[in-house]
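Trainee: Chains as they are written, first to last, in this note's numbering: chain A, 3 to 383; chain B, 3 to 383.
Keep in mind that a hint or two might mislead.
Since the list can't tell identical chains apart, any single copy or any two copies may satisfy a pair.
[What the hints assert, rightly or not] Simulated pairs of lysine to any residue, SDA-like, Cα-Cα distance not exceeding 20 angstroms: (1) Lys105 to Gln239; (2) Lys325 to Gly357; (3) Lys292 to Leu78; (4) Lys108 to Gly80; (5) Lys105 to Ser23; (6) Lys108 to Gly223; (7) Lys325 to Asp121; (8) Lys105 to Asp121; (9) Lys325 to Gly122; (10) Lys325 to Arg83; (11) Lys325 to His119; (12) Lys292 to Lys325.
No lab work stands behind these hints: they were computed from the structure. Here the structure is a predicted model, which is why all the values come from computation and not from measurement.
Number of protein chains: 2
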Amino acid sequence: MAAFPFTIQATDGAARTGVLSTTRGEIRTPAFMPVGTAGTVKALTVDQVAATGADIILGNTYHLMLRPTAERVARLGGLHRFMRWNKPILTDSGGFQVMSLSKIAKVTEEAVTFASHIDGSRHVLSPERSMEIQADLLGSDIVMQLDELVALPAEESVVADAMRRSARWGQRCKAAFGQRDTQALFGIQQGGTAEHLRRESAQRLQEIGFHGYAIGGLAVGEGHEAMVEVLDFAPAQLPPERPRYLMGVGKPIDIVEAVWRGVDMFDCVLPTRSGRHGQAWTWDGPINLKNARFAEDESPLDPDSDVPASRDYSRAYLHHLVKADEILGQVLLSWHNIAFFQALMAEMRAAIAEGRLSAFRQASRARAAAAGSDSAAGTPG
Amino acid sequence: MAAFPFTIQATDGAARTGVLSTTRGEIRTPAFMPVGTAGTVKALTVDQVAATGADIILGNTYHLMLRPTAERVARLGGLHRFMRWNKPILTDSGGFQVMSLSKIAKVTEEAVTFASHIDGSRHVLSPERSMEIQADLLGSDIVMQLDELVALPAEESVVADAMRRSARWGQRCKAAFGQRDTQALFGIQQGGTAEHLRRESAQRLQEIGFHGYAIGGLAVGEGHEAMVEVLDFAPAQLPPERPRYLMGVGKPIDIVEAVWRGVDMFDCVLPTRSGRHGQAWTWDGPINLKNARFAEDESPLDPDSDVPASRDYSRAYLHHLVKADEILGQVLLSWHNIAFFQALMAEMRAAIAEGRLSAFRQASRARAAAAGSDSAAGTPG
Chain A
3 MAAFPFTIQA
13 TDGAARTGVL
23 STTRGEIRTP
33 AFMPVGTAGT
43 VKALTVDQVA
53 ATGADIILGN
63 TYHLMLRPTA
73 ERVARLGGLH
83 RFMRWNKPIL
93 TDSGGFQVMS
103 LSKIAKVTEE
113 AVTFASHIDG
123 SRHVLSPERS
133 MEIQADLLGS
143 DIVMQLDELV
153 ALPAEESVVA
163 DAMRRSARWG
173 QRCKAAFGQR
183 DTQALFGIQQ
193 GGTAEHLRRE
203 SAQRLQEIGF
213 HGYAIGGLAV
223 GEGHEAMVEV
233 LDFAPAQLPP
243 ERPRYLMGVG
253 KPIDIVEAVW
263 RGVDMFDCVL
273 PTRSGRHGQA
283 WTWDGPINLK
293 NARFAEDESP
303 LDPDSDVPAS
313 RDYSRAYLHH
323 LVKADEILGQ
333 VLLSWHNIAF
343 FQALMAEMRA
353 AIAEGRLSAF
363 RQASRARAAA
373 AGSDSAAGTP
383 G
Chain B
3 MAAFPFTIQA
13 TDGAARTGVL
23 STTRGEIRTP
33 AFMPVGTAGT
43 VKALTVDQVA
53 ATGADIILGN
63 TYHLMLRPTA
73 ERVARLGGLH
83 RFMRWNKPIL
93 TDSGGFQVMS
103 LSKIAKVTEE
113 AVTFASHIDG
123 SRHVLSPERS
133 MEIQADLLGS
143 DIVMQLDELV
153 ALPAEESVVA
163 DAMRRSARWG
173 QRCKAAFGQR
183 DTQALFGIQQ
193 GGTAEHLRRE
203 SAQRLQEIGF
213 HGYAIGGLAV
223 GEGHEAMVEV
233 LDFAPAQLPP
243 ERPRYLMGVG
253 KPIDIVEAVW
263 RGVDMFDCVL
273 PTRSGRHGQA
283 WTWDGPINLK
293 NARFAEDESP
303 LDPDSDVPAS
313 RDYSRAYLHH
323 LVKADEILGQ
333 VLLSWHNIAF
343 FQALMAEMRA
353 AIAEGRLSAF
363 RQASRARAAA
373 AGSDSAAGTP
383 G
């Protein structure tokens, strides 16, 4: 396989900070990837996303294959050109949204057949088709294998079957992906909350060999505590020299706990989704701008930020925009939240480099507890 | 009254180009003012609005007095600070929205009593209260007198009564406004489509004396032809040395015809409203990005623009965003449309300065006819 160098620059306990190099740019890890669902990080221009310091965004194969279709994106020059994002893009395999959004008609060893949530039309997604869509048509920089997900809790035999099918699909993805100079392929560990299944999954994936390894099948209903318990062993089962990516996670405190345990990459719709619903993430946890206590609060969300949405607009103004249901409120809060998640990652990269991640994590936990939820992040250092 | 210099730099027939100077910046005329309804030009950041070249925006007294309330805006430092727009702001008087949005309880010589369209609460708007809201609380740079509007067609006696009441209210506004160094007060000509009523209105307003004169009561259902007929005489009835402002207008061809007849300022929700509905304005008229013919059209809306929304994104991408109902589609099309209207004004300013507005107007009319509507603008020269 091509190089795709991953350089670990510093470690702090199990945590690492480094750089994953792609032909479209370097990804500083630990990294948070804003989700650009259907060719757009919702409500934001690519320039606004770039201003937050994001090195990479995620695109959803499921959404793009249905609309505007992967073939159309290909005819328009690929996903980067289509949406005008010139830095790296990771695409998921489509499997998660097929499970969560569509009506599944049939899952076989060969492929998943499903009905579009948009118009009910029938589509087939196989490991080979997922590779074609991601690597050939969308032109993704980091391609994810197709996997089979199981909603938790589930019987162990069901979890084990899905894990082993995912490994077989990983093998087929690897074969279909072939040799590429500028694109990476990541495998996805499954196995639910069972340590031995996670270990078996990790071993199967390493035998196949990938540029990076995702931890899949979490954040699917098992809760923060159960997820953290899995993270106590799952990252360490994956090869230390390659990037580890925790899919679909999460709240700041989830990310802090995962980084502490050796995870390098994250994605989540949380910052944009909560931004569209009037919520802003801060170092003290999430706040709802609709709350009347912000009606005459002249402080910005983060006076130390370089991002206009965080630095320049008062909470009073944001309160007004949210109350009046103005699009600009959704734009500014989505923008701020993405910037906050990027600032969180930057703080953690610095904390790891300076050997103070433990203190950062303790502060995060204390603040999350004080916020009355598991939602707060640490203090910028 | 304070100076508020209006310098006419060139004329071409009845048309003029010049600069209206305010303490917050110069307004190049003919000028188009994007409408910042409730403290936001809908869907856009102030930086995006500024990037279009807009010298001034409009704020709606009616919307702001109801939410967040004028008193709250005042406590937060005024409208400029609240919404972070540091260039000039013109506020309307509230009268138009009271008529079009609220349930009017009572109109007397003293004031209008109405019910909020948001929560049904009762409010009173008098000439004095309108001045207090606009000049003292919002801190507007250009304050509009309160006037009484009549939907056309209407009986002449009704139009005449409203025109004369508007003049009396203008006198009360002038008295309440008093002497101010940094704020201007504009009167509003009424009189429907009747030349003699428009003349009487203009005379009454000049006797009072204003920094500028608006042409009100048009674009209220009379149609393009009837409006243009009024513009054949109305602007010339107003003092040539002061700016003339045609309120609530309009489509590009309406603006071209009005500039040709000596109008200097315009405002309209059209660019932002049509942007939110998938429509883009171009030199060839409006296009609907939802149309399948744009699905694989790689051309941007205006490759010669300096504005990212116009220059950088393909019509194919915009088509996708509109079809997928993505907020970014509304943002980019609103941004492009504001930029297009600013480009239209810049072209007209140049055409007047170079004595070729007649040719520009003819081209506009030909293109509007070719577009099968009265919608097209001229060709950039």
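Trainee: Hint by hint, say whether it matches the structure.
Mentor: Hint check:
1. For the identical chains of this complex, Lys105 and Gln239 are neighbours neither inside a copy (34 angstroms) nor across copies (68 angstroms), given an alpha-carbon limit of 20 angstroms.
2. Neither within a single protomer nor between protomers do Lys325 and Gly357 lie at most 20 angstroms apart by alpha-carbon distance, with minima of 43 angstroms and 49 angstroms respectively.
3. Taking CA atoms no more than 20 angstroms apart as the test, Lys292 paired with Leu78 passes between copies only; the shortest distance there is 17 angstroms, against 41 angstroms inside one copy.
4. Taking the shortest Cα distances, Lys108 and Gly80 never come within 20 angstroms of each other, neither inside one copy (30 angstroms) nor across copies (61 angstroms).
5. Taking CA atoms no more than 20 angstroms apart as the test, Lys105 paired with Ser23 passes in neither setting, with 38 angstroms inside one copy and 62 angstroms between copies.
6. In this homomeric assembly, Lys108 and Gly223 never come within 20 angstroms of each other (Cα to Cα): the closest approach is 23 angstroms inside a single copy and 57 angstroms across copies.
7. Only between protomers do Lys325 and Asp121 lie at most 20 angstroms apart by alpha-carbon distance; the minimum there is 13 angstroms, versus 33 angstroms within a single protomer.
8. For the identical chains of this complex, Lys105 and Asp121 are intra-copy neighbours only, at 11 angstroms inside a copy versus 41 angstroms across copies, given an alpha-carbon limit of 20 angstroms.
9. Taking the shortest alpha-carbon separations for Lys325 and Gly122, only the inter-copy value of 16 angstroms comes in at or below 20 angstroms, while the best intra-copy value is 35 angstroms.
10. For the identical chains of this complex, Lys325 and Arg83 are inter-copy neighbours only, at 19 angstroms across copies versus 36 angstroms inside a copy, given an alpha-carbon limit of 20 angstroms.
11. Taking the shortest Cα distances, Lys325 and His119 sit within 20 angstroms of each other only across copies (15 angstroms), while inside one copy they are farther apart (31 angstroms).
12. Taking identical chains as interchangeable, the C-alpha atoms of Lys292 and Lys325 lie at most 20 angstroms apart only when both belong to the same chain, with a minimum of 6 angstroms there against 30 angstroms between chains.
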